[in-house]
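Given the structure of chain H, go ahead and fit chain L onto it with the hints provided.
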Amino acid sequence: GDSVTQMEGPVTLSEEAFLTINCTYTATGYPSLFWYVQYPGEGLQLLLKATKADDKGSNKGFEATYRKETTSFHLEKGSVQVSDSAVYFCALLNQAGTALIFGKGTTLSVSS
Amino acid sequence: GAVVSQHPSWVICKSGTSVKIECRSLDFQATTMFWYRQFPKQSLMLMATSNEGSKATYEQGVEKDKFLINHASLTLSTLTVTSAHPEDSSFYICSARGPGQGAWEQYFGPGTRLTVT
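Heads up: the protein sequence lines correspond to chains H and L, in order.
Under this note's numbering, the first residue of the first sequence carries the number 305, and numbering increases by one thereafter.
Under this note's numbering, the first residue of the second sequence carries the number 2, and numbering increases by one thereafter.
Bound-form chain H, shown alone (with noise of 0.2 Å):
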């Protein structure tokens, strides 16, 4: 069935450092994929989206890029803030449209 893995945290990273998490699916066709963020306290908010290969989903200086060749849609940014410390959730659409399927959630944790 559909499933996604993505890397293990926690992450630690200093201010201004560049930020990698990676994330690779399995899944019948090309499904849509996603991130999410969690921040402490709140519900899971939708960071960003790709909805077919070579699409670029970005926000809030987070970007990603849908690679059917991989099945990867690693999240980057070039330099995170405190306020970025959260979980983050790699997801896709199922085939039917119907439901999301979530990574496992990895935390970043910055300090300043």
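I should point out that these hints are in silico values taken from the structure, not numbers from a laboratory.
Beta carbons are placed, not taken as given, at the ideal position from N, Cα and C, and that holds for glycine.
Label-pair ranges, simulated between beta-carbon atoms: (1) L/30 - H/401: 14 to 22 Å; (2) L/86 - H/371: 39 to 47 Å; (3) H/360 - L/18: 43 to 51 Å; (4) L/16 - H/360: 45 to 53 Å; (5) L/67 - H/345: 25 to 33 Å; (6) H/387 - L/16: 39 to 47 Å; (7) H/387 - L/114: 23 to 31 Å; (8) H/360 - L/2: 21 to 29 Å.
Relative to chain H, chain L alone:
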């Protein structure tokens, strides 16, 4: 933006008792609500999907008689864990979407931590 709340944020109950978790959409009509369960260091697992006024659709392996879901209005869904046992201890998250929105356009609640002693 759309806001979804959950109540309580955490609850402790004794084994054998039932506990109800509420999920509310505060500023939009939630025609569909989703209930997830998350174990430590694990992904969110979809338990069930409910449409307002209809019976919930449960994912394979989820006991519908144990996890009762009611979606009686466009702003409220409840999850009742019946005869709870320690293995039901988990983090429960609800999400909601409005009419005409895709399945990915979900607004998530902050979650409820259930501990069964």
